[in-house]
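Engineer: Protein chains in written order, with the working numbering: chain R, 543 to 971; chain A, 543 to 971; chain B, 543 to 971.
Keep in mind that the hints were calculated from the coordinates and are not lab data. Errors might be hidden in some of the hints.
Intra- or inter-copy, both count: the list cannot distinguish identical chains.
Said to hold, decoys possible - Taking lysine-lysine pairs in the DSS-like style, the calculated list, with each CA pair at most 27 angstroms apart, reads: (1) Lys-948 / Lys-748; (2) Lys-963 / Lys-870; (3) Lys-963 / Lys-661; (4) Lys-898 / Lys-663; (5) Lys-865 / Lys-659; (6) Lys-659 / Lys-898; (7) Lys-963 / Lys-898; (8) Lys-948 / Lys-659; (9) Lys-661 / Lys-898; (10) Lys-948 / Lys-663; (11) Lys-963 / Lys-748; (12) Lys-754 / Lys-659; (13) Lys-948 / Lys-865; (14) Lys-865 / Lys-754.
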Amino acid sequence: MLTREQNERLIRTDRGTEMGALLRRYWIPALLTEEIPEPDCPPVRVQLLGERLIAFRDSEGRLGLLDEFCSHRTASLFFGRNEECGLRCAYHGWKYDVDGNCVDMPSEPPESRFREKIKQKAYPCIERGGVVWTYMGPAEHQPDLPELEWAMLPDSQVFVSKRLQETNYMQAMEGGIDSSHVSFAHRFNMDDDPMHAGTEGLTYLKADTRPKFEVIESDGGLLIGARRNVDDERYYWRITQWIMPWYTIIPPFGTHNPLGAHAWVPIDDETCWAWSINYHPTRDLRDDELESMHRGDGIHSRNIPGTYRTAANRSNDYLIDRKAQREKRSFSGVEGIAAQDFSLQESMGPIVDRTKERLGTSDAAIILARRRLLAAAEDAAEDAAGLPGENAEHHRVRSASVLLPKSVPFQEGAQEALIVKPGQDFVSI
Amino acid sequence: MLTREQNERLIRTDRGTEMGALLRRYWIPALLTEEIPEPDCPPVRVQLLGERLIAFRDSEGRLGLLDEFCSHRTASLFFGRNEECGLRCAYHGWKYDVDGNCVDMPSEPPESRFREKIKQKAYPCIERGGVVWTYMGPAEHQPDLPELEWAMLPDSQVFVSKRLQETNYMQAMEGGIDSSHVSFAHRFNMDDDPMHAGTEGLTYLKADTRPKFEVIESDGGLLIGARRNVDDERYYWRITQWIMPWYTIIPPFGTHNPLGAHAWVPIDDETCWAWSINYHPTRDLRDDELESMHRGDGIHSRNIPGTYRTAANRSNDYLIDRKAQREKRSFSGVEGIAAQDFSLQESMGPIVDRTKERLGTSDAAIILARRRLLAAAEDAAEDAAGLPGENAEHHRVRSASVLLPKSVPFQEGAQEALIVKPGQDFVSI
Amino acid sequence: MLTREQNERLIRTDRGTEMGALLRRYWIPALLTEEIPEPDCPPVRVQLLGERLIAFRDSEGRLGLLDEFCSHRTASLFFGRNEECGLRCAYHGWKYDVDGNCVDMPSEPPESRFREKIKQKAYPCIERGGVVWTYMGPAEHQPDLPELEWAMLPDSQVFVSKRLQETNYMQAMEGGIDSSHVSFAHRFNMDDDPMHAGTEGLTYLKADTRPKFEVIESDGGLLIGARRNVDDERYYWRITQWIMPWYTIIPPFGTHNPLGAHAWVPIDDETCWAWSINYHPTRDLRDDELESMHRGDGIHSRNIPGTYRTAANRSNDYLIDRKAQREKRSFSGVEGIAAQDFSLQESMGPIVDRTKERLGTSDAAIILARRRLLAAAEDAAEDAAGLPGENAEHHRVRSASVLLPKSVPFQEGAQEALIVKPGQDFVSI
């Protein structure tokens, strides 16, 4: 439970807000590289943290991310022509390069130097892990490039998708941090997914439906441990990484399956991008796995073709199937792990009123994540350097699922399992 | 004509408003029993007086009406599982009984007593006349159970339907109170309806198109008399009952036809439920009558299948047929008595600006109904007991249509006709 | 670039605003005569300058334009019956004539004189050039009737269409004033249109893509000269007329083609009517020309059948064709001259933020038009007479395209070409 004022601070991310200033201190997953696949392809609308932008790839393959609206008369560059190393506005022909320089201004006399005074807002971009990332913050604070494990692997080992979620980013991310909902929202679907099925972990998960949570601060965010009883001597620990400001990594089931991760990025205060990533550190994804991911299984979603909007959505009550609910094929009647999550999160309304919550011990991770974000926002407001999650070291972490003696704290027992070892397998049962 | 401030007082019904407090002193028609037909059926969203609620019928058949949003993290209970005498939230499994007690909280340790502190808002419900009624006010003021004639008859003698109206409840109810519009809005349709056709009353109605109105206060609301000249000695009186806060009964044509009644209940400030009821005090409804009512004839409406939204609605200009208007088959070109009313009421906008009206003598009933509601709202604000319409006695009334000598006041001449006599026929020509 | 306060003054046109008061000093193109084609035809909703109105043609063929909402209980007169020289409200039968007098009030007793107190707001209308015009301002300031050349020609020489534009009127009109966008937005489409093709003017237009602009005040608005180099001695001048408050005339290509003109009229602050007119002063329009105009070619638009809303619109990204853009068949990928304009204008949002613009020398006409409107609005606020564009003389002007010696100012060299000479051809190369 937050005060109204705390809730406001947490959720508002436009330029000029405290949380907006914090989030602009990080590299931001902006769009899929598949959206601007080749030189001089059509420009694409992108909205991030309330700012409306246009992404394009110029004739040399360079990435540009500009203010959507032309500096001249504010027509949208969505209608612009991507031609000869620049994007040319369709209204009067002003042309911009990827850095926002106005490189041609045909509406003015040739001798005019007006164009030198024009600078279209432009953000630097990089490409990594199938994602175009941008940095929208002050140049002096530009952090290390993103080094999340999935972003550093060869393309053949990674699958990335995104979907539009009709809630504030925080509401979506809280679902990613909160592993206690798994036992309910996904209760009847744990066995369906070949990525869980038949693992030792799943047996323990089902045997103890009331896990205890231990949450501790990591350098880059939080380590969220959920422990279940196995026998008199051992706990089964599932350890989730939350990396500031919006990354989560799901604890694995077995090592033969790909890992899963997410990013939750504000579009505006009432919508966000839910990014979903499967990856395997030591092998290519198989064709059958890729086919299933493309279909929208598991943590991915069935999107309306040609869009990143889900087929099951608020306008159709997420295609709820009351028969499936009655027959215990789906706890809420909604089909699919992802849709089970976002249907519930969206059911709270686009911005949840956190003054009305009644939080229990299982909500510890959510409470601490909010606290850490609010504290970091205060640091950012004072222009502090070295925020959690800024350093590439903070990215090089893994989630894990392990058996440990009851006497061993999970962060010690799993210490090595929680660090990325390039080329080496992860730890999971 | 009202002042802006009076209009605001009249139309706002959320918790915390003056009119909201008044309306919460009465039993409220909440939903059709057919919407939650059997134990453990799917829960249903219900919105009343601005409050978003979930209705369900538990394993024992008990009725529950809870705050829609789970006390824990405010996910909607619409996705909840109705199981073993409670509704279980699909997010983390908190489970509530019909009284709002949290009867299971599986996300917390077994020893936790947190759940005892949780109370989901819950309103008492009863079932009567095919309707689930609820009471949303203070326990100490809970009034008599509803005893409207139609609510007390065997199922075989009653037909109830509802439709969504896209206006404030008051605008809809004013149409029910105002019998002077009948001569215009429904002008060319009076003969179509077998429920009017061929009665003596209809002959008199058509012979004098400028009725005079006399409105007097009854114990529970208003008696609205519309008198028409028959000959030198007699008036034809049509007497409408308005029962606080939202019930109207239509004066009958003949005694062989069923009676008609309405209730007008706020969903929020811009929409309401229009309830329409046909009933006969002394006989079962016939199959042909029921078929016609199911089809949406008369005071009922043609709804989009599977919904309570009308097929003719604002988005399609109520399927207006200008040819029918030109050829005098419908005065406004809209088909059906109900649609003729709600099309005009919605055409004023969701909340009519009553500061712009120019009211005449034929609007006397509307003027007095507003006044009585505003006065009762003041009484309720002072926590007064004994509001009009609270007492079951106030419900046991009938409308009537009678011939009376010109010298006899209608409330005297029709006195006996205006009281429910169980098992006895009503008075009508 | 304007201050926020100037922008607000420019765009707000509801009753009570400064610009609203100015625009109400002129005759307003309100609807096409084809919308109310014959006596007693159905009434039509019309919104102008934020006011919701109903247009009808009475039994005698007289034009009425009334407040949409009945004085009695504010039901919409859209559902009214147009009968026997008046429009009768469908709710209680109050009937109004074209002057807004209440000519029948059947809900009140015959002896009542209440109806004499009722006056429905009504605006005078005239019919000219296929358009119904109205005057919404103070009677003492009613100006000359509109005498734009196209409004005074026989029907056979004129074609008028309208379309809904989802922007403020000013944003649309700025496109009509601004001829510098032609070289880009319409770049690849100049040859398609038989109305331009093969003219001497088009050759010069394409040879010099950086015209210089000279803008001077005319009695009724602005003369906007765009000059291009032809050879050492001559300029090719294209001269646009802007007539206060919302008319533009396109400079012609050749004299064999019809002329083109526009009017840009506020519906409310976020939408406007874009009127498009083709006309020839000395001959009938040909069948093939009319066919093409009906189809929506040239300055007209392809509308959704039965509506004045364009088939290509914001909801479908104007049916943008990226292949056509890549292959240089359309600069923005949008098809059609009109759609190329309104897509870009709408892309700025319904109300452009003029504090963010960066205007160059090619924007001189826009700058001066804004200035003149704001100045006239100040005059109107002081109740001044003789505003630019009020006098019929101001309407009797033409645009022109001419070759002139470099030493001759365009307003002198083209002086005669810029005046309407009834029955005589216009001047164009």
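Engineer: Mind listing which of the numbered hints don't hold for this structure, in increasing order?
Structural biologist: Result: hints 2, 3, 5, 7, 8, 10, 11, 13 and 14 break, sorted rising.
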